[in-house]
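As you go down the protein sequences, you meet chains G and X in turn.
In the working numbering, each residue's number is its place in the first sequence (first place is 1) plus 62.
In the working numbering, each residue's number is its place in the second sequence (first place is 1) plus 62.
Take every hint as true, because none was put in to throw you off.
Pairs count within a copy or across copies, as identical chains cannot be separated in the list.
The calculated lysine-lysine pairs, modelled on DSS-like cross-linking and capped at a C-alpha distance of 30 Å, are:
id, residue 1, residue 2
1, K153, K67
2, K170, K67
3, K128, K164
4, K67, K126
5, K126, K164
Keep in mind that the hints were calculated from the coordinates and are not lab data.
Please read all numbers here as calculations on a predicted model, not as lab measurements.
So the chains spell out like this:
2 protein chains.
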Amino acid sequence: MPDPKLMEAAVHEYVAAFDANSPERVAALFAPDANVEDPIGSPAHVGHDAILGFYTASMQTGAKLKLEGPVRIAGPYAAFAFSVLLNLGGKDMHVDVIDTFKFDDDNKVIEMRAYFGPTNMHGFA
Amino acid sequence: MPDPKLMEAAVHEYVAAFDANSPERVAALFAPDANVEDPIGSPAHVGHDAILGFYTASMQTGAKLKLEGPVRIAGPYAAFAFSVLLNLGGKDMHVDVIDTFKFDDDNKVIEMRAYFGPTNMHGFA
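Isolated chain G (complex conformation) (with noise of 0.2 Å):
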């Protein structure tokens, strides 16, 4: 079983790797045949690869990740509720999303579902 006090300091590190605009330092944090949907429900990205490049091209927007409140830990799974800040073409938006980990032994995250919609989607329009 993963150790709750590394994977509550591993969503603490995805947060900080956003700030740091650092898409190698989110895909350290998975397993290497981890897969991510995000929404939930699109198609996985699989593996290392993948979410790099997920996350490189997430990133590139400049969204910046703002914890809501305390990450909720479940045997090997995490879940945390967050703000997703941007700012495009001078205008701040924002995405309000509920994220879930699960890690495996090696306390990786070996799955990841994000949890948004368009209800959830602010200053767009």
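Please build the complex by placing chain X on the supplied structure of chain G, with the hints as guidance.
Below, chain X without anything else, positioned relative to chain G:
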């Protein structure tokens, strides 16, 4: 696909039903063959009678729910952060939780997962 407005209303009804101490109102939100893992990874409560029994027991603690932040809606999924507020033996306690609901095409919850663990329980010691 379920209706995002009805999905969000179901989450608010879930909170209101706890306030009203009505496990029947909670159970009515679920499909007849729904399954509930609370917390995720624990043995599932499957079907209307098991779910009604689970919420009847939960409400006997006097637990109330306080939503924290907007409900996230992703396709057939809703995710939401909240606190469970308890007063046991004159002592205030709370648990930080994130739930995910998956809805069927009739806008009923078919699958529920609760994310919390020991690090999210406060005031119990």
